[in-house]
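There are 2 protein chains.
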Amino acid sequence: MKRAGQVRRVVATGTFDILHPGHIYYLEESRKLGDELHVIVARDANVRHKPRPVIGEAQRLKVVQALRIVDSARLGDATDMFRPIREIDPAVITLGFNQHFREEDLKAALRERGIGAEVVRIGEYSGDPCTSTRKIIERILQVRGNPELVPGDRKGGA
Amino acid sequence: MKRAGQVRRVVATGTFDILHPGHIYYLEESRKLGDELHVIVARDANVRHKPRPVIGEAQRLKVVQALRIVDSARLGDATDMFRPIREIDPAVITLGFNQHFREEDLKAALRERGIGAEVVRIGEYSGDPCTSTRKIIERILQVRGNPELVPGDRKGGA
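Residue numbers (numbering that gives the first Met the number 0), protein chains in the order written: chain A, 0 to 157; chain B, 0 to 157.
Where hints are given, some of them may not hold.
Note that identical chains are pooled: a pair holds if it fits in a single copy or bridges any two copies.
[What the hints assert, rightly or not] Below, a list of computed lysine-lysine pairs in the DSS-like style, where the Cα atoms sit at most 27 Å apart:
#1 LYS61 / LYS106
#2 LYS106 / LYS49
#3 LYS106 / LYS31
Treat the hints as calculated values from the structure; they're not laboratory data. Every value quoted in this text rests on a predicted model; they were computed, and no experiment measured them.
One chain only, chain A, in its complex shape (with noise of 0.2 Å):
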């Protein structure tokens, strides 16, 4: 359906709450699908499925639109998670390794609405161990909860 020579757009989305490697894996490899990649920052509101974030979704929003690799970024909408979608019309959208949908779910989703993109599971960053905000926040209460773990903390004498 797309004419010769249109460029073509990739959505990506997520909270990214705590941004890590994971994240910049996601996008970079979510930006090899097209010309552009345009990023959809999950509302505070709409966070239900796991733990509210962290940091506030302005916030969110304002460190996504400092990567490099992002040509445009923007909140969701409150209550339909399809209008931005519908906005950018994108020949792709892309889902993290830990996001909830299920592929199929969102393609017929996106099918009953008369959206043509295309969906594609990005695969988990496996360079580090910290590769999801999950894990970093584990970390953080298994380390600063308990400043007898931490060596180089002064609360931990020494």
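Fit chain B to the known structure of chain A by using the hints.
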């Protein structure tokens, strides 16, 4: 001492443990003072004046390198903090609002080593409540350490 037309390099430094808009503000303000922004990211082993970083140095470096405004980023030297500064030869070195160096001490140390860079302290970012990694971690410990405080968290019921 700089020739006309020479590139004016700015050096910004920091741990950049959990990237937040306070960091982006610091880097943007630093970038305005010259033509190229070079960032020196603190080595894990050299972060001694505050709790150890949650995120490892290689990951912290990758996230800083992904920022549009950063021309070049590298890890600090393990033993000589002035080595990368000599290599970059900046016109300006900036300090963040909460960096522990005193300007006068840093200026004296630079003069002693024949490094002619200016030292500029960048003010605090006032836009958001979470303007430092310390405050973000405090918030994580406060909110996530006690599931009853998290309204939308499954652990909290509802």
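Going down the list of hints, with the structure as the test:
Neither within a single protomer nor between protomers do LYS61 and LYS106 lie at most 27 Å apart by alpha-carbon distance, with minima of 29 Å and 33 Å respectively. Taking the shortest alpha-carbon separations for LYS106 and LYS49, only the intra-copy value of 22 Å comes in at or below 27 Å, while the best inter-copy value is 48 Å. Proximity of LYS106 and LYS31 under a CA criterion of 27 Å is satisfied intra-copy only: 21 Å inside one chain copy versus 45 Å between copies.
Checked against the numbered hints above, the structure breaks only hint 1 and satisfies the rest.
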